[in-house]
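Residue numbers (UniProt numbering), protein chains in the order written: chain F, 1 to 733; chain A, 1 to 185.
Simulated from the structure, these hints should not be mistaken for lab results.
Backbone N, C-alpha and C fix where the C-beta goes; we use that ideal spot for every residue, glycine too.
Any given hint could be a false lead.
Claimed, not checked - Okay, derived cross-link-like pairs now, DMTMM-like style, lysine to aspartate or glutamate, Cα gap no bigger than 25 Å in a straight line:
id	chain 1	residue 1	chain 2	residue 2
1	A	31	F	521
2	A	150	F	626
3	A	104	A	37
4	F	469	A	95
5	A	73	A	92
6	A	128	A	144
7	F	469	A	144
8	F	469	A	69
9	A	148	F	417
10	A	31	F	430
11	A	150	F	588
12	F	508	F	493
13	A	5	F	728
14	F	673	F	692
15	A	73	A	123
16	A	42	F	626
17	A	148	A	159
18	A	42	F	488
19	F	342	F	264
20	F	645	F	672
21	A	73	F	430
22	F	469	A	159
23	F	616	F	724
24	F	247	F	325
25	A	31	F	588
26	A	148	F	588
27	F	673	F	728
28	F	342	F	362
29	A	31	A	144
Stated by the list, open to error - Stretch-level coverage of chain F by chain A, calculated; a stretch enters the list once three of its residues show a Cβ under 8 Å from a Cβ in chain A:
id	segment
30	342-354
31	470-477
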Amino acid sequence: MKFEEGVRPVCSVSVSGNGGRSQRLVVESSGALVVFEGSARLRSWPLHIARLRTDLPNGEVSIEMGGETMKWICSDESRLELSRAAVAVTISGSTHSLSEVELGALLEDTEIDDGDAEKHVKQLGEKLAQLDALNVGGMLAAATEGGGSKLAARLEEGSAFGAALSVRVSKLEALTRLGGGAIQARSGAARADTSARALRAELAEIYDWLDAPALADLDSLQAMSLGSVEGRARALAAAEALRSTLKMEKSAPVYRLRLTAVRERLRRLARARDQLAAALARHLNNALIHLANEAHTPGLPGAGRRHHGELQSYAPFMRWLRDMDERAYDALVKVYVGTWSKVYEREVGAACDAARTSLYPDQTDTLLSDVLTLVETICNNEQDFCTQFFALDVDPKESSDGEKSESGGGEGRQASDTRRLMADLFPTLEQQLVTLLAHVERDPYGAMRALACLGRRVLGEAAADTGEKRWARLVLAAAAVAAKRGADRSVTDRLATLPEHVKQAAKKPKCGIFAFIPELEEMSAVCESIFAGGRRADLDRWYLSLCTAMVATIGSAEHPRTPREIVHLENFHRLHAAVCALRVPALDALRRETRRRYTEALRRYVTQYFGRPLDKITQFFEGVSEAVAAGAREEEVCYRAAYSKHALRKLLALYPAGEVRRALHRLYRTVEKHLSEECGLLQVVWRAMQEEFMAQHVALQSRIAACYPGAGLALPLTTQDILDAFSDIAREH
Amino acid sequence: MREYKIVVLGSGGVGKSALTVQFVQGIFVEKYDPTIEDSYRKQVEVDGQQCMLEILDTAGTEQFTAMRDLYMKNGQGFVLVYSITAQSTFNDLQDLREQILRVKDTNDVPMVLVGNKCDLDAERVVGKQQGANLANHFNCVFMETSAKAKISVNEVFYDLVRQINKKSPKEENKKRNKKPICRLL
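Only chain A is shown next, with the shape it has when bound in the complex (with noise of 0.2 Å):
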């Protein structure tokens, strides 16, 4: 079975983890507390494929940010996350995105940016124009989501999944895969 590595990056308190713990066990978690590195495993089926998700879901808080390279070299693709009720959160997005471009060195790194919290609406200080203008500006695909309500949570992953297939076909990881990895020691 074909792994994915995913990161999810984002400033701190946007959702990372309540959307990484919403597609992974089903489950909202109302109480907030900092994350300071999560790894979960998921199996799904994408176009009739089976898949097994890594994802790392990281810190947002600033003083973790020197961890960030290591995570971007790891990682395949990457979930970006703002909350649509915070506009600075939105602006931090773009020196991630060109930390990801630089560690990455090219251009084309599958990404998928996410405005979380859309149930809020209320609060709502980033329109989604911004986000779609944003998205138009990167590249890459725009999703609004919220862990909360639970919408478009899984197919933020999906489409990344599908992205990170389009990149890189299968004969790739077949080689990769010939190696026997050995995970628990």
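Isolated chain F (complex conformation) (with noise of 0.2 Å):
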């Protein structure tokens, strides 16, 4: 290999060229790429005007003058010595001393005019950027390249060649101004300038990253005291300066992740992040644990919510822990469950067990209400703790790539997140409400009162303020369901006694009214006032289904001793009034049933124990009617023998006055016999007893009026003497 005098190597490699001839590729201090083939010196390219490729695919390299590109075949760290030695030979000053050839070949190039000069400049200058941007990261690896964390030391080293450079450039600026083909002597310096500049500010980047202010802190981090106020916030700082460093490495360029340098301080950060994490978690369990031991000393009522106070300092903390070591976050999340579910299951507990031992039925919804205004107040303050505390309001995966997920989605995630967490803190709140349930329920209207409450609370106008996303409406919904399903229950109670009610009647001398219906009138006027504030729709479908298994068991009901009609008569009666006082549109029907059940009955009774009080002048009469039916006129009925005016007097005389007043007296006390004392119904059988006697009276009155007038025949009793008759009766029993 020839050289040109004074100039030397600064590196030589071997490539495969063209059709894979084996040439070497020399970088010559002059500031020129030559190639050679064994020693025949091939070509040059001048490299501040040709363009040097060392970053194509598959090992290649490029030169690229005027329109022209020759390329070979090396290794890699052949490549990465021609850009290194490339890079040096043009900034080291031997621009200033272009060879002949070169600057014939710079001119050879671009033939320009004077006009066209600041052109001519503004295209190399942009060749030279781009030149400068290649060949920074070479020239960054060879500055950083086994250097530990002497960073500044660089940057400074740094700063002073780009001033030195700068101090050279006006220098040759102020020559260039002299000559006119000094043009690539200013393009080469000003390159050199670039570069230098390029590589201060890249320094300063990775010095502003990853040697922040408040990362001055690390070494004494393990010394810092979380139980002081001032000890915590420079504790918050170095954590948030080292979260945000840390996270700058995701989006960090990868030729500065390559350097060793860069490298170390990362690991150095990583190792300081873990160390705060375990700091951090071993004092927030020591913390927890310490306000547990206390929450569980007896005699502190109301410590379950004093830790909300002490632990709010540390929430940043939580949701640093959150970002950056899920696992010690877990841990402490699990402590804390463990410890508050355990507290607030006792305090739950207390209050349930006090309101069950002071439970009269008139304080049932005041007791009630307590307990869940403590189960809300309880829940609530924890929800929002949490939320805060344990930072469930931040997607974690938001914050971390610090892109937003899709909406909704955060938000869904964060919903579940909580009801996990609120679950797993109350895990026996829903059972111990139904337990206090249960009890309540043991009351005869008990379930009634809890549904009222509960239905109250999570139904009612006030429940509508308290939020959508409050984990206790969802557990105090879970009770409504399981005090109306207890109300349910206990008319089905109810019904399944109706049968049982109808057999104790069977044992008493007379039946009377079956109990159930006292009993419906005093579930109606305890709870009309149990439901005055709503579920009145409740209430309505509970009398609907009672009364109407009650008109169905009263119809089939039977007694041995008093009559089916009687039975009827009574209940249907007593029922309808009840019906009737509900004033439930939805009765209206069962209303007008009870009622024409218990007129039906009435008439049946009437009719049958009645009877014909002048059976044989009724029947008599009957003749006369069918006779009258079959064509014979009313006056001429009396000629007839079977109806003649002495066959009728003869059947009067049979009915002497006194004697019909003892068939009534007798028909009274049947009457008096069979009906109970409670109804009080005695007077209205009696009336309808009285009338049925007057219709009878004044049907066979008219007959004889019509058929034997003049005859002087009169029934045994006037109307006056039967009103009288009744009434006297009456009067005396």
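Since each chain comes alone in its own frame, lean on the hints to assemble the complex.
Right, dumping it as structure tokens:
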């Protein structure tokens, strides 16, 4: 290989040329790239004009000048060596001693007039900027290779270097102003300057990134006291700086991460993060256990909520841990949940026990309300605290990736995280409430009271204001369903006892009123006030099912001593009154039904038991009616032997007035025996009897008047006599 | 007698209870009182066959949604109700249907899509075609009803009974009925 005088090879690498020819590429101190084959110098390019590319795929190296490109293939190390050497020779000051050859090449490359000079400078500048950008990576690699953590020193070196170059550039600028032919010299110096500036900027960025002032405390992190306000503030600042620094690793350019010094520094920071996370976890764990012990100490009521205040100052650290060390975060959540779930279970349990022991029917609502208020307060406070303290309102994915998760997805996830945590914190709450409800239900109307209370809380107007995402509302809703089922069950139980009431009535001498009707009256009296504030629909539904079943039960009831008609008469009468008193539109049909069946029972009873006190006379006139119907004229019937005046007179003699009165007395006693005292229907029935008798009497009288006019025949009692007789009897008894 | 477990679902205030009570008791309940949970039994004759319908009327209000999974697990047929006067109640049904299919783990679940309150045509915001399209999408039957004016109320339940019959003919039911079931205790 021959070199021009004073020129030495800076680097020499073997390459494979066109057609696999073995060649060598040599970078010379003059700033030229030369290709040799054997010892033959084939061609050379001035590197500040030609474009050397070492970043091509497949290990290719290319040089490009004046629209012509040549390529070789070589190893990666050789490429790196070439690129470094090329950078070194182009900044190493040889630029202002351009050889004739190179100058010629440059001028040949672009024919320029004076007018194009500026444009040409611009083109050259662009070309150089490209080259510089390419080469900065290599320069940095060279500059920091083997360097440990002495970034600052290097930065200073770089800056000094840059400053020296600037001086040189300004000198050169002065020189170039003297001769138009010195454009190349100027551009060479400018290129060197740009490179240095790029280097300096790069170093400054790395420095800003990895050595922020807040990271200065790293070494003293261990010694920081998290117990003090000031210590926490410092630790938090360091923690936040660590987080943002380490987060940027993901978005850092690859070439930066290849730098050993950068890698080293990142490792150190990660270690610091782990240490800080461990220290935080330890401290928070101790704080949690300490507060838990305090809360478990008997005689400290309300301790259940003091811990919120004490832990509040650690919330930013929990947030940090959630982001930086999920395992430590999860472990702390577990400790917290483990502790406070027990505290709350005990607290709610105590409240339920207290309510249980002082439970009187008229206080059910108040006591239950108190327990529910306590539960809601505890749950809401806890939900607020946990959302904040455990950073449940922050989507961890969002904060670490820096990009928003799909709309709604994050919110749904947060809601389900919160639900899960709350469910873990209060695993027995629902069961505790259900157990309390079961106790309340022992009172005959307990289930109703519980339903009214829970219904008001879960569905009432006040409930609408408490926000949609309250976990407590879900628990209360579940308890409300339990209460509703309890209340339905109590009604089902009532329905099941109806046949039992009929059986019990059979043991009594008189049937009387089945006990389920007064029970319904009592139930309505109690429930109307229980449900005055709402859930009317439930109450109406129960009335309907109870009353419907009662109608059916009465309809099919039998009593060994009381006639069926009386059973119906008395019970439908009372049930009808009860249904009327309820004033429920849904019961309108039932109200009419009970009324109808009562009236019918009364009619049937009167017909059957009143019978026909003047039976023979009645039979006589039935015959008369048949004869008339067959065509006989009314006034001529008396001429028939069977219906003669004489025959009638004989019949009438069978019923003297006294005898009729005695018969009525007997009838009254029978009715009295059938009817129960509690019903007070005796007068009603007696009046119906009187009306029936009067009707018969009037019919007979008009027949006598029509068929036997002027015969002086009359029924044993006058209308007035009958009325007197009935009222006398009623008065006597 | 074969039993049919029917669950009535939908947002709050669409008229689930009004529809159910109209069908079971023939009464229109004017006053709105949010349901917590009600169950009814009613014997009907469908296609000459006596059927015992066990109808579960559910809460539509949001805080009760946690109970739905259980309702869906136990139900055989579902009435999905919206109100033609409230768009949101219509939109809510998509999620509800998906939940049913998820719980039942099948795409073939007896179901009727019901647009209630069709007597309030002046206040209509959900078009009949919209309902029909959704039913088409759900691959289920669609009816517009009025619990107040007694329009198509019985048809909803009868259709559901037919769907259940079609999906699981009697054999299966007989097998189940061999076990004596104690209900009251």
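Hint by hint, here is what the structure shows:
no.: 1; hint: 31(A) - 521(F); in the structure: holds, 24 Å
no.: 2; hint: 150(A) - 626(F); in the structure: violated, 53 Å
no.: 3; hint: 104(A) - 37(A); in the structure: holds, 21 Å
no.: 4; hint: 469(F) - 95(A); in the structure: holds, 18 Å
no.: 5; hint: 73(A) - 92(A); in the structure: holds, 20 Å
no.: 6; hint: 128(A) - 144(A); in the structure: holds, 8 Å
no.: 7; hint: 469(F) - 144(A); in the structure: violated, 33 Å
no.: 8; hint: 469(F) - 69(A); in the structure: holds, 19 Å
no.: 9; hint: 148(A) - 417(F); in the structure: violated, 43 Å
no.: 10; hint: 31(A) - 430(F); in the structure: violated, 31 Å
no.: 11; hint: 150(A) - 588(F); in the structure: holds, 19 Å
no.: 12; hint: 508(F) - 493(F); in the structure: holds, 24 Å
no.: 13; hint: 5(A) - 728(F); in the structure: violated, 64 Å
no.: 14; hint: 673(F) - 692(F); in the structure: holds, 20 Å
no.: 15; hint: 73(A) - 123(A); in the structure: violated, 35 Å
no.: 16; hint: 42(A) - 626(F); in the structure: violated, 52 Å
no.: 17; hint: 148(A) - 159(A); in the structure: holds, 20 Å
no.: 18; hint: 42(A) - 488(F); in the structure: holds, 17 Å
no.: 19; hint: 342(F) - 264(F); in the structure: violated, 47 Å
no.: 20; hint: 645(F) - 672(F); in the structure: violated, 38 Å
no.: 21; hint: 73(A) - 430(F); in the structure: holds, 21 Å
no.: 22; hint: 469(F) - 159(A); in the structure: violated, 38 Å
no.: 23; hint: 616(F) - 724(F); in the structure: holds, 23 Å
no.: 24; hint: 247(F) - 325(F); in the structure: holds, 13 Å
no.: 25; hint: 31(A) - 588(F); in the structure: holds, 16 Å
no.: 26; hint: 148(A) - 588(F); in the structure: holds, 17 Å
no.: 27; hint: 673(F) - 728(F); in the structure: holds, 18 Å
no.: 28; hint: 342(F) - 362(F); in the structure: violated, 32 Å
no.: 29; hint: 31(A) - 144(A); in the structure: holds, 21 Å
no.: 30; hint: 342-354; in the structure: violated (count 0)
no.: 31; hint: 470-477; in the structure: holds (count 4)
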